[in-house]
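Mind docking chain B on chain A? Use the hints.
Protein chains: 2
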Amino acid sequence: MRGFSLNQATTKHWPLDDLVAGCVDAGVTAVGLWREEVTDYGTEKAGSLVRDAGLTVSSLCRGGFFHEADWYDENRRAIEQAAALGTDTLVLVSGGLPGKSRDLDGARRHVGDAIGALVPDAQAAGVRLAIEPLHPMFCSDRCVVATLGQALDIAAPYPASAVGVVIDTYHLWWDDTVWDGIARAGREGRIASFQLADWITPLPSGVLLGRGLPGTGSVDMRRFARAVREAGYDGHVEVEVFHEEVWSRPGAEVLAEALSGYEAAVS
Amino acid sequence: MRGFSLNQATTKHWPLDDLVAGCVDAGVTAVGLWREEVTDYGTEKAGSLVRDAGLTVSSLCRGGFFHEADWYDENRRAIEQAAALGTDTLVLVSGGLPGKSRDLDGARRHVGDAIGALVPDAQAAGVRLAIEPLHPMFCSDRCVVATLGQALDIAAPYPASAVGVVIDTYHLWWDDTVWDGIARAGREGRIASFQLADWITPLPSGVLLGRGLPGTGSVDMRRFARAVREAGYDGHVEVEVFHEEVWSRPGAEVLAEALSGYEAAVS
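Chains as they are written, first to last, in the working numbering: chain A, 1 to 267; chain B, 1001 to 1267.
Chain A on its own, in the form it takes in the complex:
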């Protein structure tokens, strides 16, 4: 694998200039960026900052949210933004059930159709759409794609160079079919991104900001890293943690812990 990447969400309140300088200081060569932060900073300016520091952008989070009315235009903008930042990977979180719908099958079909509609734009921009299955606790309001198998089935009709999947330990660790899924994703050439976060309890209200740094929770990180490597993945390994307590600490300190969590996982 190509080594560690700091996903910007892990150090959410670290200003981008400081984050880039901190990565360079720590010998880190890649970052995963988020659209909101990049847009606030200025996309062109962010691209230059990162490039001038010699960093690779391993992914841009996130497109998707296909339950929203403006999904098509919004995702086209996300593809353009990824291209402008020089990353080949746009992470897609599919979105949940629209309105008060209970039609989960229908929502999943719509995700497949929406991705199909975006493939030509993504190919033209040289950006790969990376479908991220989220933990089933996000199924109603954030991501109807709840397993790796589902993500692979949705990706299947499209070229692997255009549509891949994200393997995030936090979302998939509970699933006993995930090991076969990772092997399948490797065979099909679909692994677009590999992200580490740990499962810790109790979950906070709303459950979004409950992730632990790798090594602090229930996930067998080494098994995941081995499975993804054996599946032939040679990209970056992002650490992507959302947690208020982690966010409240100095960026460089969190970066150091993220890095050592990564090292323990891949050792």
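No wet-lab data here; the hints were simulated from the structure. Here a beta-carbon is modelled for each residue, glycine too, at the ideal position from N, C-alpha and C. Any given hint could be a false lead.
Stated by the list, open to error - Computed footprint of chain B on chain A; a stretch qualifies when at least three of its residues, placed anywhere within it, have a C-beta under 8 angstroms from a C-beta of chain B:
no.: 1; region: 4-18
no.: 2; region: 172-180
no.: 3; region: 214-227
Chain B alone, transformed into the frame defined by chain A:
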């Protein structure tokens, strides 16, 4: 199906005497009971109360928690208690990872072994062990059995008369393999209990007390009821909701809403 049953957890603060009287008043003929409440009331006394009122005990919750050191003795007591209450169904929630373990496969194997160890006791008592898969958000701390398929695989080595599974809409609704799983459970004669609760967001801190009464959330209850009926299930349908706001309301009012949620589901 044999009709509605009020699971006691839905009206947690309703004293058992009042709950039984309330069920009789409402024409409800079955209740699901919980060990703690029954033990506090007195098991023999609770059994007489319910029997004298003409109510069936559709299930006793819960045995399991196999990650705890005293699981064997505790589950034998649970089996005895179920028999004393005159119910043929003991719901098992498997328990989570022991201590700081990350060995999820090992924990799942242990659940299978533990159930195997209890089968003779259950058969002798005329009580069926009903494995309940819980939502994957409970995987680390409450239930390593996260899908219906897993529950069926764990049950497979044992006679269907001794080991069955629980189908609870709240825990399984996100899973696109659940429809095949319900059909399989029917073919294998494993459906021991069917419970209704709805998925509502945002989830509260700790996520345990976040369930909605049937009809208030994202779950397609009618599809579940149809699938379970078509799988040949002819037992009771319990409404089992854990929610602080629901618990704060008068029992009879909650019972009426649970009953109309059930009726909408099975209509």
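Violated hints - listed by number, lowest first: 1
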